[in-house]
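**Student:** In the order they appear, the protein sequences are chains V and H.
Its first residue numbered 6, the first sequence is counted upward by one per residue in the working numbering.
Its first residue numbered 158, the second sequence is counted upward by one per residue in the working numbering.
Source of the hints: derived by calculation from the structure; they are not laboratory data.
Hints may be right or wrong, so weigh each one.
The list that follows gives simulated cross-link-like pairs (lysine-lysine, DSBU-like), each with its CA atoms no further than 30 Å apart [what the hints assert, rightly or not]:
| hint | chain 1 | residue 1 | chain 2 | residue 2 |
| --- | --- | --- | --- | --- |
| 1 | V | K104 | H | K203 |
| 2 | H | K309 | V | K104 |
| 3 | H | K203 | V | K30 |
| 4 | V | K42 | H | K309 |
| 5 | V | K94 | H | K235 |
| 6 | V | K94 | H | K309 |
| 7 | H | K203 | H | K309 |
| 8 | V | K33 | H | K235 |
| 9 | V | K33 | H | K345 |
Computed from the model, here is a short list of chain V residues facing chain H with C-beta under 7 Å [what the hints assert, rightly or not]:
| hint | residue |
| --- | --- |
| 10 | D31 |
| 11 | Y35 |
| 12 | K42 |
| 13 | T46 |
| 14 | T62 |
| 15 | E64 |
| 16 | A76 |
| 17 | A83 |
| 18 | E93 |
We treat Cβ as the ideally placed atom computed from N, Cα and C, and that holds for glycine.
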Amino acid sequence: MALDADALLSTMSQAAANAFGQMWKDVKNYTIPELRKLAGTFVDIELGLAARPPYYTRESADILFRMQVRATESILTATTALTMMAVEKALNEILAAVKVAINQAVKFALV
Amino acid sequence: MARPRARLIMHRHRSPALWLLLLMLLVPLTGCSVRLIQPYDDAIEKTVSDFYEEFLRFTTVVGRTRGTYTDNREFYDKWQPKLATLTARAMTANPSGRCPSTETYGGLLPQGVTAARSAATPSGVRVDTAPAGDCTAQLLQLLEDQFDDFAKFHAAQGTLGLPPEARAPRELVLTSVRAVLYVELAKKQGK
Numbered sequence: 006m007a008l009d010a011d012a013l014l015s016t017m018s019q020a021a022a023n024a025f026g027q028m029w030k031d032v033k034n035y036t037i038p039e040l041r042k043l044a045g046t047f048v049d050i051e052l053g054l055a056a057r058p059p060y061y062t063r064e065s066a067d068i069l070f071r072m073q074v075r076a077t078e079s080i081l082t083a084t085t086a087l088t089m090m091a092v093e094k095a096l097n098e099i100l101a102a103v104k105v106a107i108n109q110a111v112k113f114a115l116v
Numbered sequence: 158m159a160r161p162r163a164r165l166i167m168h169r170h171r172s173p174a175l176w177l178l179l180l181m182l183l184v185p186l187t188g189c190s191v192r193l194i195q196p197y198d199d200a201i202e203k204t205v206s207d208f209y210e211e212f213l214r215f216t217t218v219v220g221r222t223r224g225t226y227t228d229n230r231e232f233y234d235k236w237q238p239k240l241a242t243l244t245a246r247a248m249t250a251n252p253s254g255r256c257p258s259t260e261t262y263g264g265l266l267p268q269g270v271t272a273a274r275s276a277a278t279p280s281g282v283r284v285d286t287a288p289a290g291d292c293t294a295q296l297l298q299l300l301e302d303q304f305d306d307f308a309k310f311h312a313a314q315g316t317l318g319l320p321p322e323a324r325a326p327r328e329l330v331l332t333s334v335r336a337v338l339y340v341e342l343a344k345k346q347g348k
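Chain V with its partners taken away, still in its complex shape (with noise of 0.2 Å):
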């Protein structure tokens, strides 16, 4: 049966979305389009094995597999930075909330 590119995408992007929790609405505008060209990538493959003659041999075929679960690492490392840059600017403007309170209190910049 031939690959659908759209049911793979929502299966991926579910699975992103339940392992990203709170956080996935902050990247999913980065994340979901590059899973869409990703699920596409499956399709192809698919396509130039079984085209004839081939484009792709079996041993380039599987290099390209390998290569797949590196770009899904890619895609979810990124997205994984992207969530540490929006962890790291909230703690940074809690901290800042509450520097002059904290200073104030303890009578050096502490914070």
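The hints should help you fit chain H onto chain V, whose structure is shown.
**Tutor:** Okay, now just chain H, sitting in the frame of chain V:
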């Protein structure tokens, strides 16, 4: 004098809540702002942007002529050391850095990335080692490995070369390129 921004590098991440709690406790004690990821690096943005453009041109031109790996080794000889240098630069900038949760991605890959890599790697072929460094270094390592595999893919195609209809190999490399650029540009814009 401006207070220096110290880097708080977390080495072990048992749970996100514990990790954040520790961070909240440490920050006031050290009297500094938090940095969880290395700052924007102009060299990364420029080199990776140049690679993006040259790689697109290379795949378009070579795809048009079904060029083989043997006839185009010069391109790989130019870019493999450049990308390796960027990875080394990022690793050196933060040698003890980590990118939290990238072994299982919050449960998305419950068996772990290493297991997923092993499953996708034919027997007898080296499996990528566990990711090292902070998120920036890991993204660059992934791009470097991705381009190495693109070269192997091209070589494995033999006389088929890079057929014009083959979209996957180019798109898979560009996915790793965009991941680096997206994060660097987000840093630059202070998002």
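**Student:** Work down the list of hints and note, for each, if the structure agrees.
**Tutor:** Outcome of the hint check:
no.	hint	verdict
1	V/K104 x H/K203	37 Å, violated
2	H/K309 x V/K104	54 Å, violated
3	H/K203 x V/K30	29 Å, holds
4	V/K42 x H/K309	22 Å, holds
5	V/K94 x H/K235	38 Å, violated
6	V/K94 x H/K309	41 Å, violated
7	H/K203 x H/K309	26 Å, holds
8	V/K33 x H/K235	35 Å, violated
9	V/K33 x H/K345	19 Å, holds
10	D31	9 Å, violated
11	Y35	6 Å, holds
12	K42	6 Å, holds
13	T46	4 Å, holds
14	T62	6 Å, holds
15	E64	4 Å, holds
16	A76	4 Å, holds
17	A83	4 Å, holds
18	E93	4 Å, holds
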